[in-house]
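Protein chains: 2
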Amino acid sequence: MRIGVFDSGVGGLTVLQALRRRMPEQDFVYVGDTARVPYGRKPREMVEQFAREIARFLVLQQVSGIVVACNTASAAALPQLASEIPVPVWGVIDPGVEAARRMSPSGRVGIIATAGTIRAGAYQRKLEALGMQVWARACPMFVHVVEEGLAESAEAELLARFYLADRPELEALVLACTHYPLLKNVLRRVLGPEVYLVDSAEVTAEAVGADLGAGTPDGPPSRPGTVVHYVTGDVVAYRHTAHVIGGVDGEIFSLLESTLCAA
Amino acid sequence: MRIGVFDSGVGGLTVLQALRRRMPEQDFVYVGDTARVPYGRKPREMVEQFAREIARFLVLQQVSGIVVACNTASAAALPQLASEIPVPVWGVIDPGVEAARRMSPSGRVGIIATAGTIRAGAYQRKLEALGMQVWARACPMFVHVVEEGLAESAEAELLARFYLADRPELEALVLACTHYPLLKNVLRRVLGPEVYLVDSAEVTAEAVGADLGAGTPDGPPSRPGTVVHYVTGDVVAYRHTAHVIGGVDGEIFSLLESTLCAA
Numbered sequence: 662m663r664i665g666v667f668d669s670g671v672g673g674l675t676v677l678q679a680l681r682r683r684m685p686e687q688d689f690v691y692v693g694d695t696a697r698v699p700y701g702r703k704p705r706e707m708v709e710q711f712a713r714e715i716a717r718f719l720v721l722q723q724v725s726g727i728v729v730a731c732n733t734a735s736a737a738a739l740p741q742l743a744s745e746i747p748v749p750v751w752g753v754i755d756p757g758v759e760a761a762r763r764m765s766p767s768g769r770v771g772i773i774a775t776a777g778t779i780r781a782g783a784y785q786r787k788l789e790a791l792g793m794q795v796w797a798r799a800c801p802m803f804v805h806v807v808e809e810g811l812a813e814s815a816e817a818e819l820l821a822r823f824y825l826a827d828r829p830e831l832e833a834l835v836l837a838c839t840h841y842p843l844l845k846n847v848l849r850r851v852l853g854p855e856v857y858l859v860d861s862a863e864v865t866a867e868a869v870g871a872d873l874g875a876g877t878p879d880g881p882p883s884r885p886g887t888v889v890h891y892v893t894g895d896v897v898a899y900r901h902t903a904h905v906i907g908g909v910d911g912e913i914f915s916l917l918e919s920t921l922c923a924a
Numbered sequence: 662m663r664i665g666v667f668d669s670g671v672g673g674l675t676v677l678q679a680l681r682r683r684m685p686e687q688d689f690v691y692v693g694d695t696a697r698v699p700y701g702r703k704p705r706e707m708v709e710q711f712a713r714e715i716a717r718f719l720v721l722q723q724v725s726g727i728v729v730a731c732n733t734a735s736a737a738a739l740p741q742l743a744s745e746i747p748v749p750v751w752g753v754i755d756p757g758v759e760a761a762r763r764m765s766p767s768g769r770v771g772i773i774a775t776a777g778t779i780r781a782g783a784y785q786r787k788l789e790a791l792g793m794q795v796w797a798r799a800c801p802m803f804v805h806v807v808e809e810g811l812a813e814s815a816e817a818e819l820l821a822r823f824y825l826a827d828r829p830e831l832e833a834l835v836l837a838c839t840h841y842p843l844l845k846n847v848l849r850r851v852l853g854p855e856v857y858l859v860d861s862a863e864v865t866a867e868a869v870g871a872d873l874g875a876g877t878p879d880g881p882p883s884r885p886g887t888v889v890h891y892v893t894g895d896v897v898a899y900r901h902t903a904h905v906i907g908g909v910d911g912e913i914f915s916l917l918e919s920t921l922c923a924a
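Residue numbers (the numbering used here), protein chains in the order written: chain A, 662 to 924; chain B, 662 to 924.
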């Protein structure tokens, strides 16, 4: 059975890629709500409703589980969504928090994310509840750097040095935005080798794989899994940006918002 | 009679604002094709077709003239559009080129724009045809800096210093993207007082006002002009970004792409 993955846009494709690396024979359905991106500036109730609509659509596609690959939707819609939907639902926040706890024994952890995620404070509250000292920094230009295909550019490094300039000593840094795994090389250059980078796409895929009892892949898949994409916005723009984020195989279908609302 | 103004997104609002300052009693209809932004990465024929659809929609709204407040659409659709549409059509490129010629007596002119506009080369060709020496630089992060509300930020200045670092001596710099007028303060700081900044929103409004025989405003309007907005994409996101770009009064209507195609 297929697993559903959804995001407000293209960022969740990093989570999809990590899931496919972890479970290479698994089939996936990806929904990118590109007509209504970004979620971070919309009221919580509205985002919760969007998440519900998309989850219902995915259930109609007969998925066996749903990964909410969007920080804003994870914060707004979980755990309510999990109680309403008849299949398992995973978010991206708890796996990131858990990895930060594990990789930061003395509790000095940083988090970088969009302005909306930092403002919402879900990561900070969960990390502080575990007794950690949290440094949080909004990096509003990072999503755009990634979507412009400039993740390895001089612009990316300039901005990374600027955003991380006033960090305290850290053991771990949570990349609390699905776009940020693409910035790992630049962040590594700026931070040096000491700070552990928590890639929320990787740790989410690990959590989903473990829950599903998926064995660690140890060779090429006997039958490579497939992906189907549904997007609410412009398909040309989606294909372009998805390619920049690391490739999109599988068919892309345009999904009118009305289909979602009717689901 | 109302004047129609259209852009692939919100950037054209700087042109709308300049038009309203120039003609404060005039009514306007603005179309932002936010569902299909950015145009810069789409084939020329596709952009030409989008421009035609929107222009026909505006004609149905009984406008007395149309301002193509989008560099990509101006390059792709003019002068064909002007020959097909029964009202005057203005673009943003020729007024910018004309101002650069006027303000750069020895012909050392620079142009900054999106990667798509620089690649398309319409400005460079027109400026070089006038015998000017043109330095052109794509600034792919500038649109995002503006739309994030960071036009006056440290990020904006960092990026401006980076993009302008290898400029030769210039007399004038054409801001060949409708978002860039918001970066004037930062550009002025980086460039110093010697380089004349050609604000294509201002010079386009001046050209339209002159063609329409509008007198220079010399006091508050007897009856302030109105604006109605139609957007093809998400209204919440449009309202937010339009506010960041400098305010949007007037009603905003959601315009399904299908309405455009049927027009």
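In case anyone wonders, no lab produced these hints; they're calculated from the structure.
Fair warning: there could be bad hints in the mix.
[Said to hold, decoys possible] Cβ pair distances, simulated, as ranges: (1) B:Gln-794 - A:Ala-776: 50 to 60 Å; (2) A:Gly-810 - B:Gly-782: 39 to 49 Å; (3) A:Leu-791 - B:Phe-914: 42 to 52 Å; (4) A:Met-662 - B:Gln-710: 34 to 44 Å; (5) B:Arg-900 - A:Val-889: 28 to 38 Å; (6) B:Arg-884 - A:Gln-741: 46 to 56 Å; (7) A:Gly-768 - B:Gln-794: 55 to 65 Å; (8) A:Glu-813 - B:Gly-908: 35 to 45 Å; (9) B:Gly-874 - A:Arg-850: 16 to 26 Å; (10) A:Asn-846 - B:Thr-877: 46 to 56 Å; (11) A:Gly-911 - B:Pro-878: 49 to 59 Å; (12) B:Pro-747 - A:Val-720: 45 to 55 Å; (13) A:Ala-743 - B:Arg-884: 49 to 59 Å; (14) B:Ser-915 - A:Pro-766: 43 to 53 Å.
[To be verified] Calculated from the model, a selection of chain B residues having no Cβ within reach of chain A, i.e. all distances over 10 Å: (15) Ala-696; (16) Val-720; (17) Met-764; (18) Glu-809; (19) Gly-853; (20) Glu-855.
C-beta: ideal position from N, C-alpha, C; glycine also.
Q) Which of the listed hints are not met by the structure? A) 1, 2, 9, 15, 18
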